[in-house]
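Colleague: Here is how the chains run, residue by residue.
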Amino acid sequence: MTSPLSKKAPQASSAATGSAEQPRTPFGLVERLFPICRSITGNGVRETLAILREYLPELVVHEVPSGTPVLDWTVPAEWNIRDAWVKNEKGEKVIDFRQHNLHVLNYSTPVRSWFTRAELDEHLFSLPDQPDLIPYRTSYYQPNWGFCLAHHDRLALPEGRYEVCIDSTLDAAGALTYGELLLPGSSQEEVLISCHCCHPSLANDNLSGIAVATFLARHLAEHPRHFSYRFVFIPGTIGSITWLSRNTETVQHIQHGLVATLLGGPGNFTYKKSRRGAADVDRAVAVVLRDSRLPHEIRPFSPYGYDERQYCSPGFNLPVGCLSRTPFGEFTEYHTSADNLDFVRPEHLSQAIDIFSQVSNVLETNRYYRNLSPYGEPQLGRRGLYKGVGGGTEGADWQMAILWVLNLSDEEHSLLAIAEQSGLPYRLIERAAAALLACDLLAPVTQSSK
Amino acid sequence: MTSPLSKKAPQASSAATGSAEQPRTPFGLVERLFPICRSITGNGVRETLAILREYLPELVVHEVPSGTPVLDWTVPAEWNIRDAWVKNEKGEKVIDFRQHNLHVLNYSTPVRSWFTRAELDEHLFSLPDQPDLIPYRTSYYQPNWGFCLAHHDRLALPEGRYEVCIDSTLDAAGALTYGELLLPGSSQEEVLISCHCCHPSLANDNLSGIAVATFLARHLAEHPRHFSYRFVFIPGTIGSITWLSRNTETVQHIQHGLVATLLGGPGNFTYKKSRRGAADVDRAVAVVLRDSRLPHEIRPFSPYGYDERQYCSPGFNLPVGCLSRTPFGEFTEYHTSADNLDFVRPEHLSQAIDIFSQVSNVLETNRYYRNLSPYGEPQLGRRGLYKGVGGGTEGADWQMAILWVLNLSDEEHSLLAIAEQSGLPYRLIERAAAALLACDLLAPVTQSSK
Amino acid sequence: MTSPLSKKAPQASSAATGSAEQPRTPFGLVERLFPICRSITGNGVRETLAILREYLPELVVHEVPSGTPVLDWTVPAEWNIRDAWVKNEKGEKVIDFRQHNLHVLNYSTPVRSWFTRAELDEHLFSLPDQPDLIPYRTSYYQPNWGFCLAHHDRLALPEGRYEVCIDSTLDAAGALTYGELLLPGSSQEEVLISCHCCHPSLANDNLSGIAVATFLARHLAEHPRHFSYRFVFIPGTIGSITWLSRNTETVQHIQHGLVATLLGGPGNFTYKKSRRGAADVDRAVAVVLRDSRLPHEIRPFSPYGYDERQYCSPGFNLPVGCLSRTPFGEFTEYHTSADNLDFVRPEHLSQAIDIFSQVSNVLETNRYYRNLSPYGEPQLGRRGLYKGVGGGTEGADWQMAILWVLNLSDEEHSLLAIAEQSGLPYRLIERAAAALLACDLLAPVTQSSK
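Protein chains in written order, with numbering that gives the first Met the number 0: chain A, 0 to 449; chain B, 0 to 449; chain C, 0 to 449.
Keep in mind that the hints were calculated from the coordinates and are not lab data. Where is the CB? At the ideal position from N, CA and C, for every residue including glycine. There may be inaccurate statements among the hints.
Label-pair restraints from in silico Cβ distances [stated by the list, open to error]:
#1 A:E296 <-> B:Q129: 48 to 54 Å
#2 B:E221 <-> A:P294: 51 to 57 Å
#3 A:D128 <-> B:A437: 47 to 53 Å
#4 A:E221 <-> C:A171: 27 to 33 Å
#5 A:D128 <-> B:P223: 26 to 32 Å
#6 B:Q129 <-> C:A277: 58 to 64 Å
#7 A:E296 <-> B:I297: 44 to 50 Å
#8 C:E248 <-> A:N246: 54 to 60 Å
#9 C:H151 <-> A:P223: 53 to 59 Å
#10 A:N87 <-> B:P443: 58 to 64 Å
Reference listing, derived: stretches of chain C covered by chain B, where coverage requires no fewer than 3 residues with Cβ under 8 Å from a Cβ of chain B [stated by the list, open to error]:
#11 279-290
#12 394-408
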């Protein structure tokens, strides 16, 4: 009497058995992290971050004591769970946390007692419209206990008495745990990449975001950087609030930021703009998605969603958007046991890493130039810039990129603005600017003169 | 030989017989006012205002002497009419003002003489395309006399001689009459509601506007008000010009204004923006109509129309729009005997009063707030704001309203702006702000600090 | 073995035989200029300008010595050509410049030698997709020689040896020639009309532009002008660069400008905006095309195209757009022998002259006015402005034009802005302003007070 589990269904007992011999791929990381029972505090997050440190040795793990005031909130007691089950009168487990860690209401208080069927039912959560799926439910701030199960299984529970065990702890002397990685660049100005790491066995939400952020960090670490990149792996809401409360100085260095989430499932890329609406990061993501020729959607800011809610609160108003595929609540697998390893497509993780990497490239290379030969067009032929670098359309686009960069390099248009206005790929605009710079036809505009 | 008249067709002889026992409904008011032969001056307006004083005892009636210079104009001689007819050689009345007061060209000069059929014809007005309807025609500023009649009736007039009588007076020692009601609020800042009261027996144009304004005033009088509300019942064009010329001080207090007209006929609400185009009243009407979910249309300002032409002349440039249903000239009954009591729907009057009332509510409650906990989201749960006030979608909208108000209360966004940006109903935004204010999460921004 | 030539095909030998007895029509001018073999320098341009001086006696011809530095460029050696042919072993001409002057690669270096079929082929240019047409090819800045021919003819050339003669000269002591006409107005502020005159026998590109500019100049010369009009007939690119380099003072007087090109072929008017995007000339052309009720297209600026590329380089950033019919590269006849006299429609030239003339009228008459009776509407009736100048719709539009001009003459809206906002034809707005000015209801806003 358990849910029909896929072969990849998590079993709490195997939570920490990820093998270091696995090839270090984004999807491999998702597979290793999937079985762990995470929450907004506790050992599940610590275990997750310990695995991430295998991929990112410089990752720093922070522990913030329960009870610490953080902005308008307080760090809650730390929750841990060893086991949980419901037995019938025959002593048979009818619900078993060890079969699937979604079975327990996240942050359930400890309980060990007998209940009637009716009493038990008040602590059960299921989805009548999706009767085969286990829902994901939490009760962080209202003390409660409960079990989540497939609706079919719930209906099949006969009258009678049930023994309930939730072997959990809520430790007021515990801590909230988060991970932070700083990749220093040549500038103190920072790009923030944030992902939530508080969900138990849900693959798309948000092991996909964790994997993309991890492999993006590994990629960026290998290249010179203008910006410093700060990656935070935090529990949702309370984690970003905790981080913000401890980093009011750091926050002032953040020039651009993205929340990374829901990047492995199906559906098109969807970008939700920052509260500012036309921040460079908003424009950069829009241009990169445009250039990708992938179908995608750009949405305005709204104050609901992931941790961008906190970064974009009016007091901070950071230029942080949220890049995902199909947003939360818009796919039927959302917050159910169907958000499993089968739901995440390895190639979507790679594609997302590429898109984030391209956004980083735009932010890194975007700047203002001044045309040093602004009166009429300079004679391109004698500088070898008249013919295209390739043949056909590429050549025509290259020629147009040269002309656009020359025409708009008036100290008022960034390369990003030129890519937007010309409709040409950013990479082509960037290369055209490099070629013109090499010919002494452009000069970068320095911050002070800009 | 008269037009086919409906049972409700006006008879000048019964003009002042409205019964006080009628229930005081908007449509009842329209019915009482319908038979009166109004013009831009004269006893028809006085009689109308006397009836309005039964509904609005504080209404002040102003008399401005003929010959008074008003802006670029002069108050004309006062026109009154006792009788008018055309008789054939047998002495039979073939056109009779007492059958319908549209039969006489409004502002006709007095005449008593015999004319040939051809001579008479030069003074007849009819509608070949709508041969059953009597047109409404005026000649305020070019002395003339004439009769309006159904085109079928005109064609049926045989050759012969006709005796014509128009028993009218044009009194250079007369006056222009208008009504004005001030509902004082806690502020000297004013909202202007203007409607024209110069048309004879036309029900939609503009007894509908008069009835809506009257019952809106009764409604507002019963509630506390921030703004003072000024209602003017004026003859079209010359009336608003006269009022403006006498109120150059008052005009400076007008913060918002609406012309109320054509509110009883069929068709969707149509709002014509003020000359400013994005005045608060323009935005408030747009949001109220959006929230109503009624089909409607928003149009840009144009310098033709009703008295908004005068209020929005460049010297005054007041934020006054015009709210109607189907605009003038766009329905076939316009300015004909078909604009009768059958054409006005009582429920449309009520709906219009409700819309005006909601616009008033937006203007009254719209203000700027400051989020007192702007760093991250405040913890709503411990303040009882996390769960919705109702169930289902209402709850989700309520939660979103709370988040939007918190996010945008940065002293830069009014509640109206938040309603616009969030797409949520203004009333929900208003209630969310009230709830947050009660929790000390918001503070109103005072005028001086704003 | 020659291309199938139309009766109007150019023969270099008859180049200068234009008859002064021809009626001086735009199309007649195109016909006279068509046979001349022009290039960016040389006698073809001189001959062209000499003919234009018959139409525009004040046209000044400038000669700028080869080797002169002009902005980032240098005036090239002057190219002239007397004859060119390819003969087969039998001495038969298989390609003959005298049959069509497109046959020679423009700016070919001199050559007189024998070549194998394969050697010759490297110097041949044809269009496989348009096998009947001779392409137009140039090599101004890379020394080369070559022949252009129909692809069918190229394929029909058998193996064997060929004698090649190109009897051309490249004279480093030569000059670049251009024409310039200034029509002085009452103001030193200038309108620039620019057209390229460097293409050999191509009728639409750009004899059409030359003809339109010429007849526009003749038209404007007959009327009083506020602006001074400067017409330049210049070789493409190097010509405008040369002119700009010699006129850095003049450039500062240019208030508006248009490049005139491709105005005789089929297709709709297409306007490419100046780099500024909302310059008066951009708005004037848009309103004139709108008022014309002709289908048309307005495009944003792009840094590719005709000499607007130079005028709109960031250092100059002149308000110069480009008005054409179907733009370059978007019709199959472009830069081929099919762009011949049959391709140009005489009535399209007339229509283009009319459009340019109307744009000029807008620029001449566009100004700001102040309503001298801005409080309420002035009484139009007593000034004879109440009834329309014509009947029906014209009358209604006229009345609306009066009201719009009164309402928006607040010193902030030009007549052009009023035409845009009202949707009414500019000419009607202009006439309404004149009528109101005559009634002392408007006063022009002087430059100093504006």
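Colleague: Please flag the earlier hints that this structure goes against, numbers listed from lowest up.
Modeller: 3, 4, 5, 6, 7 and 11
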